[in-house]
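Trainee: Chains as they are written, first to last, in the numbering used here: chain A, 495 to 1258; chain B, 291 to 515.
I should point out that these hints are in silico values taken from the structure, not numbers from a laboratory. We put the beta carbon where it would ideally sit given N, CA and C, even for glycine. Treat the hints with care, since some could be wrong.
Said to hold, decoys possible - FRET-style restraints, in silico, Cβ to Cβ: (1) A/ASP1136 x B/HIS364: 57 to 67 Å; (2) B/ASP489 x A/LEU1175: 32 to 42 Å; (3) A/ARG905 x B/GLU423: 36 to 46 Å; (4) A/PRO779 x B/GLU409: 55 to 65 Å; (5) B/SER508 x A/LEU1236: 52 to 62 Å; (6) B/GLU478 x A/PRO1244: 46 to 56 Å; (7) A/ALA812 x B/ASP362: 24 to 34 Å; (8) B/ASP346 x A/PRO839: 45 to 55 Å; (9) A/ARG747 x B/GLY447: 45 to 55 Å; (10) B/GLU423 x A/ILE883: 51 to 61 Å.
Claimed, not checked - Residues on chain B that point at chain A, a partial pick, calculated with CB under 7 Å: (11) MET291; (12) ILE293; (13) LYS297; (14) SER328; (15) GLY329; (16) GLU385; (17) LEU397; (18) LEU398.
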Amino acid sequence: MIPLSLRLTVQGGREAVVRLVLLVLAVGLGTGLLLAAIAGINAVNTQNQASAWLWTGNQVEPAGPPAAGNARLWWHISADMFAGQSITRVDVAATGAAAPVPPGIARDPGPGQYYASPALAALLRGKPADELADRYPGRLAGTIGEAALPSPASLVIIVGHTPAQLARTSYTVPVTAIASTWPGGFARRFNPHGLSIGPPVQQLNASGTDLVLSVVALAILTPVLIFIATATRLSAARREQRFAAMRLVGATRRQISMIAAVESTVAAAGGMAIGFGLFFLLRVPLASIPFTGEPFFPAQMSLSVLDIVAVAAGIPVAAAVAARFALRRVQISPLGVARRGTPKPPAAWRLIPLLAGVSELSFFVVHGRPATVSGQVQAYFPGILLVVIGLIVAGPWLTMTAARFLARRARRPGALVAARRLADDPHAAFRAISGLVLALFVTTVAVALLSTNDATKTHRDQTVPAANVLTDQLTGAGDLWYSGLPAAPPPTSVPWLARVRGIGGVTGVVEVYADAKLTIRPNPHGAQVSAGLVSCAQLAKVPSLGRCPAGAAVAGFPVALNTVQAGTIGNITWPAEPVPAQRLPGRGVDALNVATNGSQQAIERARTVLASAYPLLAPPQTIGEQIAQNNAVNDAYQQLTDVVILTSLVVAGCTLAASIAAGLADRKRPFSMLRLTGARLGTLRRVVVLESAVPLLAVAVVAIGAGFAAAALYASSEMKHSLVPPGAGYYLFTAAGIAMCLVIIAATFPLLRRITGPEVARNE
Amino acid sequence: MTILQAKDVVKSFGQTPALRGASMTVRQGEILAVMGPSGSGKSTLLHCLAGILVPDEGEIWFDGQRLDTTTDEHRSELRRDRFGFVFQTGQLVPELTAEENAALPLLLGGARRAPAIAEARAWFGRLGLDGLEQRRSGELSGGQAQRLALARGLVTGPQVLFADEPTGSLDSVSGEIVMNLLTAAVREQGTTVVLVTHDARVAAYADREIIVRDGTVSTLTGVQP
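Next up, chain A with everything else stripped away, as it sits in the complex (with noise of 0.2 Å):
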C-alpha cells in the first residue's frame, strides 16, 4: 500500500506535485521558524549563563576568613561606555595565589594589567588613548573569552589592582568564589555582606524572554500552521473524487487514511529537511540580529539532541495525525463526496471566546492589576490568547453574517454567486483570510501598546545640545548607595576640570554642588527630585539645561538629569535659591554637566577625564545616552514586532494566494461552464474579489476593533495609562496590507481566465 501511496504522491500529475510542493514549502517555513524559536530560546539561556559570573559579589559569602587553601579576590564592578555601548567593568585585586579567577581568562590580572574582551581590545587599539584607554590604568595583558562573554558584541574589562588599592573602597566586596549560576534577576540586600548591585548590562529574565519568545513564536507559526492547512486543501475536490474512486473498487477507510498519510508524511519529511536546511543556513545570520540587545554568538544559537529529535519526530507524526483528523470531516463514500450535506451554518455562540477575551481584560482594569510579573503575565496572556481564538472561532459566523447580508442586497449575479457560496460555506472563506485578520490584530496591539509605552518613557523631545551634555555623577545615588560603608563625600575641588574645560569641542561646564535637603519638582504633575545648587552664570553659558529665573545668581538643579521627566530640559526654567554664589564652591561638588559639540571625540575625551578621575564610580553618561537606554527595551520590542508583522503578513499573503487558487481549482467545470453559457470574465473576476474581499473587509474591522479594546484594556490596568492612538504609520500599514490582498487576489485572474476556457468543460 505505501508504494501504491508514494507514487500517488509524487506522480500524480501537475496538480498533485503542485500541492505537494506548496505543502513542502509551508511546513518547510513552518520548520525553520519553529527551530529558529527554539534555538532562540536556547541562545537566551546560555547567554543568561554566559553573565552568570557577572553577578559575583551578590553571592551570600561565609562570614570569617576564607577556608584553608583558598584566598579571598577584591571585587568590584561598575559601568562604563564608549559611545553608546555599555562596558562591563570589573576590578578586581587577588589576595593569594588561590584566590578565584573569573571565566575566560588563565588567572587574575595582577596592578597595571587588565584583559579586555575582543571587541573591547578592539576599540583600545583602535581609538586614540586620550578617548577610551586612558582609563583603564596599566597594559592589556590578555582577551577575555568566549566562555565569560554573553554575546560578540559585549564589551567587558577586568582591571587588576592591589588589595590595598582595592580594599575598604565604595562598592567593593571581597569574595571566595566566582558565581556560576545566573540569580534570575536583583534581589535588593540579596547578600547582606556583599553587593546589592547588578552588572551594568543584565540580560534579560530568562523566564520572561521565554514567554516573549514563545508568543514571538506563537504569532508566527499561527499563519504559517494555517497556510500548511490551506495547503493541505489544495485541489482538495479531486483528491476527494480519487479516494472515492478507490473506494468504489474497494478501497478500506484504513487504505485511504494510509494513503493520505504518507501525502501528508512525505510533505513533512520534505518540509523538515529544508526547515532543517532553512535553519542551519540562516543561523549565522540570525545569531547577528540583536534581539535582546546583543547579538549572539552562532555556537549559542544551538539545538539539543532532544530538540532535533522531537522536531524530526514530531512534525510528521503530527502531519499524518492531522491527515487522519481531517479526512474525519469528509465522509468519503465510493459515490464520492456529493451526498454529503451542507456544513452546518456556524452560530452565533462563536462570539463567546471573544467576549470572554475581552471580559477578562477588562476585569484587571477594574480591579486592579495582580501585584507580580508572574501574576500579571497569568492575567494578561490568557485574555489576549482568548481573543486571538475569539477571533478565529468568530471568524465564520462573522463572514457568514456578511455574505447573508450581502446575498439580501446583491443586485448583479458576480454579488449573488460570491454571497452564496460565502454563506454555504464560510469556514473556507475565512481560512483563506485568517492569516491576514490575524496579522492585523497583532500589528494593533503591539502597535498601540508601544505608542501607549513610548508616552510612559522618558521624554525622547530633548533638543540635540542636550542629548549632548554628558552628566556625572561624583557621589553615589539610589542603589549605588548600599556598600556597607559610607558614601564618600562630594569632592569640594576639582582640579582636573580645567582639562575638561580645555577639550576642543566642549562647550560649556555647569557644576551642580551639594545641598543634602534640597528638592526640587522639575514638572508641576511630576514628582519631587533630589537636587543640589548651580550657578545662573555658568548656566546660561548651557541654554540647553534650561535657565535661571531673572535676576537670580543661584539656583536648584537636579543632581541627576535623567530623574526628569518634563518633556525639553532647555524650556525649563529652575527655581531660585537663596544661596550666594560665591558660597557655592565650599559645598563640594555632587554633579557635572559638561555640554559638547555632539562629537565622538569631545564627549569620549571628557569622558576619559572624568573617568579616569573617579575610577570607582559610576561613569559619565550623555543624556542622549541615558534616554536610548531607557528606551532599549522598547526599541527591542519594537523591532520583534516588526519582523513578527511582516513575517506574518509575508505568510498570510502566500495563504491567501494558495487558498484562491485552490478555490478556483476546485471550481473550474463550474466556473468553464458559466462562462460557456455566457457569462463574462468580468462576472468571475468579481465573484472571486467578493470571495476574499467580504471576509476580509467584515472581519478585519472586528479584529482592528478588539486590537484596540485589548490593548486599551492592557494600557489601563497594566501601564496605567490610556491608549495613545498610533501614529499614520499604522493606518499606512493597515491600508498597505489590504491593498496587498487586492493585488493578491489580482494576481489569479490569469489563472481564472486559463483554467475556466472553453476547454476545460470537456470530460475529464
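Put chain B on the given structure of chain A with help from the hints.
Mentor: Just chain B now, kept in the frame of chain A:
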C-alpha cells in the same frame, strides 16, 4: 441459483425516499437490466445491492451472506474481490496511468505491482485498448475511459459486475462497442451483471429486465424477480 437478493429494501436521503420496499433477486450468470425513469430509485437499488449504501430497512443477501449488516471493511473487501463496477463517469483515478487504473483492485488487494499490471494488460487487448497503457484518464476518449473502467471491473474475475448507465455519456456507436465487449466478456467468464439503464437498446443486451418505479420494483419482464 440466486446470487443476490433484496428484500423489502427501504432507503431515504433525508426526507426524500428513494426506495420504498423494493424486492428482487439476481440469478448467477444472468445479465439483469434494471430500468425505470429518472429518480425512480434504480441507481439506489444498485448501490444497496453492491454494499455501497446500507438500506434503512430490509435485507440484502449475497451468495448466502447478509450484506446490509456486515462491516464497512467487509463490504470494501467484497467490492474489491468479488464485485466489479462500471459507472457512467468519475470512476477512474486521474493520477494513475490507464494500466495502473485497471490493476488498482489487485493492488488494493495486496498484489505486487508487476504481476498486477501484467494481469491488467491482458484485458487491454481484449477490450481494444492496446497502446493506451501509459495514458492518464484525461487523455482518453469517453468510450476508451468506459472500456478501461470495464477492464478494471473485470480484472479480479468478479462474481457480479454492477454497471450503472455504462453508456450514458457515450454516443450510440461507442455505447454499442462497450456493451458488446461487456456482454462478451461476462458471458465468457460467467459473471453475473446488474445493469442499470433507461435505454431500451442497452437493456436489450440483458437476459431479463425489471422496472423500478417510485422506489419499488413494479414491473417484470421475462421470468419472475
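Trainee: State for each hint whether it applies.
Mentor: Now for the hints, and whether the structure bears them out:
1. A hinted range of 57 to 67 Å holds for the C-beta pair A/ASP1136 and B/HIS364, which are about 59 Å apart.
2. Checked against the hint of 32 to 42 Å, the pair B/ASP489 and A/LEU1175 passes, with Cβ atoms roughly 38 Å apart.
3. Range check, A/ARG905 to B/GLU423: about 54 Å between beta-carbon atoms, so the 36 to 46 Å window is missed.
4. As the Cβ distance of A/PRO779 to B/GLU409 is approximately 57 Å, the hint placing it in 55 to 65 Å holds.
5. In this structure the supplied range 52 to 62 Å holds for B/SER508 paired with A/LEU1236, their Cβ-Cβ distance being about 59 Å.
6. Checked against the hint of 46 to 56 Å, the pair B/GLU478 and A/PRO1244 passes, with Cβ atoms roughly 52 Å apart.
7. The hinted window of 24 to 34 Å between A/ALA812 and B/ASP362 holds, with their beta carbons roughly 27 Å apart.
8. Taking the beta carbon of each, B/ASP346 and A/PRO839 are about 26 Å apart, not inside 45 to 55 Å as hinted.
9. Checked against the hint of 45 to 55 Å, the pair A/ARG747 and B/GLY447 fails, with Cβ atoms roughly 25 Å apart.
10. Range check, B/GLU423 to A/ILE883: about 53 Å between beta-carbon atoms, so the 51 to 61 Å window is met.
11. The interface hint given for B/MET291 is violated, since its Cβ lies 24 Å from the closest Cβ of chain A, which is over the 7 Å cut-off.
12. Annotation: B/ILE293 was flagged as interfacial toward chain A, and the flag is violated, the nearest CB pair being 18 Å apart, outside 7 Å.
13. Interface restraint check for B/LYS297: the shortest CB-CB distance to chain A comes to about 22 Å, outside 7 Å, so the restraint is violated.
14. Interface restraint check: B/SER328 against chain A, minimum CB-CB distance 16 Å, threshold 7 Å, status violated.
15. Residue-level restraint check for B/GLY329 is violated (minimum Cβ-Cβ distance to chain A is 15 Å; threshold 7 Å).
16. Taking 7 Å as the C-beta cut-off, the interface hint given for B/GLU385 holds, the closest approach to chain A being about 3 Å.
17. Given hint, B/LEU397 at the interface with chain A, holds; its Cβ is 5 Å from that chain's nearest Cβ, closer than 7 Å.
18. The closest approach between the C-beta of B/LEU398 and any C-beta of chain A is roughly 5 Å, which is under the 7 Å cut-off, so the hint is satisfied.
Hint compliance for this structure: hints 3, 8, 9, 11, 12, 13, 14 and 15 are not met, and every other hint is.
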